[in-house]
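Take 1 as the starting number for the sequence shown in our numbering and just add one per residue.
Do not rely on the hints blindly, as some may be mistaken.
[As the list claims (entries may be wrong)] Below, in silico cross-link-like pairs of lysine-lysine (DSBU-like), each with a Cα-Cα straight-line distance of 30 Å or less:
#1 Lys102 with Lys167
#2 Lys772 with Lys848
#3 Lys647 with Lys518
#4 Lys106 with Lys167
#5 Lys441 with Lys648
#6 Lys47 with Lys191
#7 Lys441 with Lys106
#8 Lys841 with Lys755
Simulated from the structure, these hints should not be mistaken for lab results.
Remember, it's a predicted structure, so these values are computed and weren't measured experimentally.
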Amino acid sequence: MSSKYKDKDGGVVLRFGGQWVSWAHTAVAYTAFLSALVVGVALHYHKIVQNEFYGYPDEWFPSVSATIGDRYPERSFFMIFIAITSGPRFALVGLWYLLTRKPGSKLPGFIASMGLVRTLTCGGWTYITSTDDHDWHDILMISYIVATLPWTIGCIALSPANPKAVKYRKCLAGAFFGTLVPLIFFFIRHKVHRVAGAYTIYAFFEWSLILFDVGFDAVTALDFETFEVSVRDVQGASKGANSVYVPSEVIEKEKEKLTGGLFSLRFTWSEALDTMADVYHGYIFWSMLTSLGLVVWYFPLWHMGISGFEAFVLVSVSPALLVGPLRSAVISNLRIIHVLSLAGVAAYLVIDPTYRLLTVGFGVALATLGWVGTLYSESSHEARFESKLLGLMVGLIMSSTAKFAWQTNNPVWPIMHAANGGWNGTGLVLGVLAALRFTRKAPLTSGSSAEGRQGGSSLLAACGVGGLFFGLHSLLSDTSTMILWGWEGFPIRGPYFSTHGWCTVAAMSAGLFVGISKPSLAGGWLPYAAGGAGAMVLTFFSHWVGYYGGLTLAVYLMAVSVPLIATASKRSPAVTFGLGFFIYIFLVLFHVWVVAYAFVPGGPLVRERTDWIMMTLMVLLGLGVFNFNASRPRRQQARRPSQSQHKKYFAVSTLLVNIVFLCAAFMRFPTNDYKPYHAKDRVLTAGIWTIHFSLDNDMWSSEYRMRDLIKEMELDVVGLLESDLQRVIMGNRDTTQFLAEDLGMYVDYGPGPNKHTWGAALLSKFPIVESKHHLLPSPVGELAPAIHATLDVYGELVDVFVFHSGQEEDPEDRRLQSEYLAKLMGSTSRPAVLLSYLVTKPLEGNYKTYVGETSGMHDIDPTDWDRWCEYILYKGLRRVGYARVSRSTITDTELQVGKFVIPQSGAESAQLEARPAEERDRRAQEHEVPEGWRFPAMFKGQGVRDHRYHVFEEPRYFH
Numbered sequence: 001m002s003s004k005y006k007d008k009d010g011g012v013v014l015r016f017g018g019q020w021v022s023w024a025h026t027a028v029a030y031t032a033f034l035s036a037l038v039v040g041v042a043l044h045y046h047k048i049v050q051n052e053f054y055g056y057p058d059e060w061f062p063s064v065s066a067t068i069g070d071r072y073p074e075r076s077f078f079m080i081f082i083a084i085t086s087g088p089r090f091a092l093v094g095l096w097y098l099l100t101r102k103p104g105s106k107l108p109g110f111i112a113s114m115g116l117v118r119t120l121t122c123g124g125w126t127y128i129t130s131t132d133d134h135d136w137h138d139i140l141m142i143s144y145i146v147a148t149l150p151w152t153i154g155c156i157a158l159s160p161a162n163p164k165a166v167k168y169r170k171c172l173a174g175a176f177f178g179t180l181v182p183l184i185f186f187f188i189r190h191k192v193h194r195v196a197g198a199y200t201i202y203a204f205f206e207w208s209l210i211l212f213d214v215g216f217d218a219v220t221a222l223d224f225e226t227f228e229v230s231v232r233d234v235q236g237a238s239k240g241a242n243s244v245y246v247p248s249e250v251i252e253k254e255k256e257k258l259t260g261g262l263f264s265l266r267f268t269w270s271e272a273l274d275t276m277a278d279v280y281h282g283y284i285f286w287s288m289l290t291s292l293g294l295v296v297w298y299f300p301l302w303h304m305g306i307s308g309f310e311a312f313v314l315v316s317v318s319p320a321l322l323v324g325p326l327r328s329a330v331i332s333n334l335r336i337i338h339v340l341s342l343a344g345v346a347a348y349l350v351i352d353p354t355y356r357l358l359t360v361g362f363g364v365a366l367a368t369l370g371w372v373g374t375l376y377s378e379s380s381h382e383a384r385f386e387s388k389l390l391g392l393m394v395g396l397i398m399s400s401t402a403k404f405a406w407q408t409n410n411p412v413w414p415i416m417h418a419a420n421g422g423w424n425g426t427g428l429v430l431g432v433l434a435a436l437r438f439t440r441k442a443p444l445t446s447g448s449s450a451e452g453r454q455g456g457s458s459l460l461a462a463c464g465v466g467g468l469f470f471g472l473h474s475l476l477s478d479t480s481t482m483i484l485w486g487w488e489g490f491p492i493r494g495p496y497f498s499t500h501g502w503c504t505v506a507a508m509s510a511g512l513f514v515g516i517s518k519p520s521l522a523g524g525w526l527p528y529a530a531g532g533a534g535a536m537v538l539t540f541f542s543h544w545v546g547y548y549g550g551l552t553l554a555v556y557l558m559a560v561s562v563p564l565i566a567t568a569s570k571r572s573p574a575v576t577f578g579l580g581f582f583i584y585i586f587l588v589l590f591h592v593w594v595v596a597y598a599f600v601p602g603g604p605l606v607r608e609r610t611d612w613i614m615m616t617l618m619v620l621l622g623l624g625v626f627n628f629n630a631s632r633p634r635r636q637q638a639r640r641p642s643q644s645q646h647k648k649y650f651a652v653s654t655l656l657v658n659i660v661f662l663c664a665a666f667m668r669f670p671t672n673d674y675k676p677y678h679a680k681d682r683v684l685t686a687g688i689w690t691i692h693f694s695l696d697n698d699m700w701s702s703e704y705r706m707r708d709l710i711k712e713m714e715l716d717v718v719g720l721l722e723s724d725l726q727r728v729i730m731g732n733r734d735t736t737q738f739l740a741e742d743l744g745m746y747v748d749y750g751p752g753p754n755k756h757t758w759g760a761a762l763l764s765k766f767p768i769v770e771s772k773h774h775l776l777p778s779p780v781g782e783l784a785p786a787i788h789a790t791l792d793v794y795g796e797l798v799d800v801f802v803f804h805s806g807q808e809e810d811p812e813d814r815r816l817q818s819e820y821l822a823k824l825m826g827s828t829s830r831p832a833v834l835l836s837y838l839v840t841k842p843l844e845g846n847y848k849t850y851v852g853e854t855s856g857m858h859d860i861d862p863t864d865w866d867r868w869c870e871y872i873l874y875k876g877l878r879r880v881g882y883a884r885v886s887r888s889t890i891t892d893t894e895l896q897v898g899k900f901v902i903p904q905s906g907a908e909s910a911q912l913e914a915r916p917a918e919e920r921d922r923r924a925q926e927h928e929v930p931e932g933w934r935f936p937a938m939f940k941g942q943g944v945r946d947h948r949y950h951v952f953e954e955p956r957y958f959h
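With the hints as constraints, model all of the structure from the sequences given.
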């Protein structure tokens, strides 16, 4: 095409409006997806609507991935057009950069780089399907989604003064991110709950995302009207030709509101490093504080009673030392104290458990002392104080995120090391760098000048601090804690730890920035009432209702932390934080006593009174709120705008932590790839193991070693006892999450942490159709938990019971429990297996109740006289093998395993039951049974890693 401006335009041979780049991109992108949909529906309709669980007519609309996936020719249509899309796409990103760049501003370059990342990663996940390489497909998909957030917000922040474009971007961005909520909901309904038709609804939302995503970029057509591709700007970066004039100040305020002001941040590396150091140092504090109870717990656990080491919980009252000259000395040497406190992280280098506890105690004492000294000394300067406080609280969110990524273990805890997934060395090095950066500015005050500037009471402030830190620690240091409070078994009727944990982090993040933005609101009585209501709902309700109460409480605890800590920091730290942490310790012990009542002095007085703990928590917070309102000046000084910059850095850091959490959640999403080990032989291999709270003899977390033995013993079903770790003294952990996800098993956690038991859990390669939790009669001693689960085993329903009896000292409890469980087992006519801890001698006492006519159960090996605790019972199954495997140093109890062949009908099951005892218990030699019935040979003789068949020295087999 010849130019009409040969002289003036320098011989331009082609010219067109910049908006045609946007329209070309939009048209070709939509064509790529829609052509694949049309061709796929026409040629392979029933195949592309089929998923792993259902097909037509339950599912009748294909997902995006099924449409553009591996089938020819629709995949080819998609790939051809998506390749053509890349040209206009790169041009669109380039024109957007040219339109929005400004002298001295780095933001347009950053947003353009995000646009390029999205373009490249889009090509990656579309050309590398999950069938080609599942890992790289997921990595590129996650990268695309992560880059979409800054691209979307950045485009809104950089929009020219065109009200129509801003309006469309706002609507499409809101629709895009709003669609993610129902999208995830229906995907969980499909993947976890296996609801017929849920995937079709999910598919509609997935296609909507495509429409909104491409549509968002199509809005650039309104802005590119200012461009004429010669390629040069012939009009300047002005408003659209047909736009209605709106003052640019109004547009800028609207964009500032939509983006939260994040992109008006004046970025400097110095402030960014300060923010990272504050957050990471806060993460280290929470990592050490949450590890203290865990290492203290090891000693009464192995001593089976009060050991004396429990006194180490008092180390966190170290701020009581901040009085007189000692306070000045501490505040003058905060850098030394913060660096030395990292001994709590370096404790993993200490092998001996006693000395490791000493090291952790030393670190926690200095960490608490250092943080309180820092908050006190910075309290006279609003911006610096808020930065430290935000570092502490975002550090808690980071700690919860790290625990989620490591399946409830913190990678820098002293119970972790390289052999079990720890990143202690890396964490320590980063901790030293963060501590040095954190303390690079000298404290503003070292005396009492920060005190006495407000009314109120130090005693009431201490009550608020104690309640606050206990609430944060006990409920929010792990995202699965409140979810498990409301867990009641299968079918799933509430949140699930791996798919809904982010809701807790999102609530924490929202609460924190409500508190920092509106401390007067957060410290008011109306939010307090809402927090109290949330605590009540969490305590007394299950499923989603209970979790909604927990989320309300999470928002409140994070929000009220700002006014309560700020008020306490302006008064004598020895009282507000010294006494405050003493109250915190009292609540921690109270929190232990309600479940450990059978082993501690005065325990029966608070037996099973979690409701009292929650009431005490809210009363203490109420005293803190009362003090905050009493100490507030009637007129608050207006804040200078410059002081808000640090908040934006912390907002970005919180957003990044949330993105990391979502990436971890994507990687942890249930795969449902659960395959039994010997399906051809219809064998169910079941085990029972008392795991002693997942701490081995040397105080290391034992999940990895447990996983290896369970996998090598080829267990399809395993009952775990002493498995409830969702308490402060146990680190708020959940071993079953790691085991279930790593081994490819379904998991029922059993009675939750608010049911006051030591825990019973069930892992299964077979789908758990239904499960119910029972608390057996325990008028005197510890509560006895039981799980009654129905499994779909090779198409047959089999009941599995997991049970932990009360302790030896309470014979009446154990008698009542044996009668209850016998009736429970006798209530089912289906084949059944009991995986249990019975505390009885074979053929004596309560054994005859468990094994008898009422229950209908048989002992897996009546001739095994060397048992006291663990027993496996069964009925309606063909028992073919039994083995006892030594524990090594993992726990204090062996692993017992039974092998059963599943009958193909009820009639066959009845025939098995009709056999006389002599025939049923007739022994066989290993060479007489099929290979699929045999136990692994690797544990014969000396075995491996100190695991071997013992007592019998070899497994026993039965005809």
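To see whether the hints hold, each was checked on the structure:
| no. | hint | result |
| --- | --- | --- |
| 1 | Lys102 with Lys167 | holds (23 Å) |
| 2 | Lys772 with Lys848 | holds (25 Å) |
| 3 | Lys647 with Lys518 | holds (13 Å) |
| 4 | Lys106 with Lys167 | holds (25 Å) |
| 5 | Lys441 with Lys648 | holds (20 Å) |
| 6 | Lys47 with Lys191 | holds (18 Å) |
| 7 | Lys441 with Lys106 | holds (28 Å) |
| 8 | Lys841 with Lys755 | holds (29 Å) |
Checked against the numbered hints above, the structure breaks none of them.
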